[in-house]
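Those sequence lines, one after another, are chains A and B.
Mind the numbering: the first sequence is residues 416 to 605 in our numbering, read in order.
Mind the numbering: the second sequence is residues 416 to 605 in our numbering, read in order.
Derived by calculation from the structure, the hints in this document are not laboratory data.
Keep in mind that a hint or two might mislead.
Same chains, same names: a pair is fine if it fits in one copy or spans any two.
Said to hold, decoys possible - Using 25 Å as the maximum straight-line C-alpha spacing, the simulated BS3-like pairs for lysine-lysine come out as follows:
#	residue 1	residue 2
1	423	541
2	603	541
3	437	603
There are 2 protein chains.
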Amino acid sequence: MEFAELLKRRTIRQFTQEPLTKEDLRAILNAARLASCASNRQRLRYLVATEPELVERILPHTAYASLVRPHRDPVPGRTAPVAFIAVLCSCEPGPLLHADAGAAIQSMEFAAWERGIGCCWIGSHKREAVAEILDVAEPERILYLVALGHPAESPVSEDVTDESDISYYLDSRNTLHVPKLTVDAITKWC
Amino acid sequence: MEFAELLKRRTIRQFTQEPLTKEDLRAILNAARLASCASNRQRLRYLVATEPELVERILPHTAYASLVRPHRDPVPGRTAPVAFIAVLCSCEPGPLLHADAGAAIQSMEFAAWERGIGCCWIGSHKREAVAEILDVAEPERILYLVALGHPAESPVSEDVTDESDISYYLDSRNTLHVPKLTVDAITKWC
């Protein structure tokens, strides 16, 4: 898939219940490992949860686009993710490690989209509860979760030029609209 | 370009002196604006420096792969970047904003690579000096710089399975080798 197509990727929060193959997940993790990272230190690790009972236990501890109204959390067995990838570190995470995680997750999102798989990067989750479910113990800790599955929604991006217009919204057909500032609105040339 | 090709992207620190077109830079910034970001808040801004005198003034305040030995900084007029993109924010940057920046920079790196352009994501730079050169004043601040230009080197990635083998190194032909941990070395399945 051309990169221009990959850039049409949007965050997916409603999924079909088709499972992901191990080949899909390995391709996604391959994109994570090859992402940019500070000084090539490769401090991030990944924990993959695909077992349905485990995924279902994680779900209530994750939050999805809390700013979207009306709210519509994924429904277990119907629209929930079929896998989670936890992005872990085993040290005190400073700014550079969060930046590394952002790069790795962005790379995973492209790899997933190329294979027809959607992702939701989850910054907001109940860390202690998820760590317990996934058996993550000090010094390891979960930085972020990525929810995955085949898309059961088609969010659309639309260009805006004013910062006051960036709130996403659902239309009457339950389609999520994601306003994105144009290049001109976010760039200065010097 | 297929995503598998984009994943062959490596950080570039030695550049030809061919200038970048505005079209190239706009395509790169387009990838930044469409990257994942927390709650779609789009808090990052971009400052593009292409004017040679300005780029040359920024250069001495930036650091390149300080762990590589023998050290080989880009040389002004010979192997230096021909542009910098500064990634800015106008608020106190917390972990999520650094993660947003990582995602945006990773997306820019792919867009650049697709166009035959190399990048070096720079976390280490003299912030006050660069801010003064680029006329960035509070509340705006520079989170990261990205150095850009057409590659004048061809670093190679190689798979390793042991964390003790990840230091990058230059061989006798001045080729940079970048060891990357395999998927199996960084992943647990549960």
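Hint-by-hint comparison with the structure:
1. 423 <-> 541: Neither: 30 Å inside a copy, 36 Å across copies.
2. 603 <-> 541: Close across copies (21 Å), not inside one copy (39 Å); limit 25 Å.
3. 437 <-> 603: between (44 Å within a copy, 12 Å between copies)
In this structure, only the earlier hint numbered 1 is contradicted, and the remaining ones agree with it.
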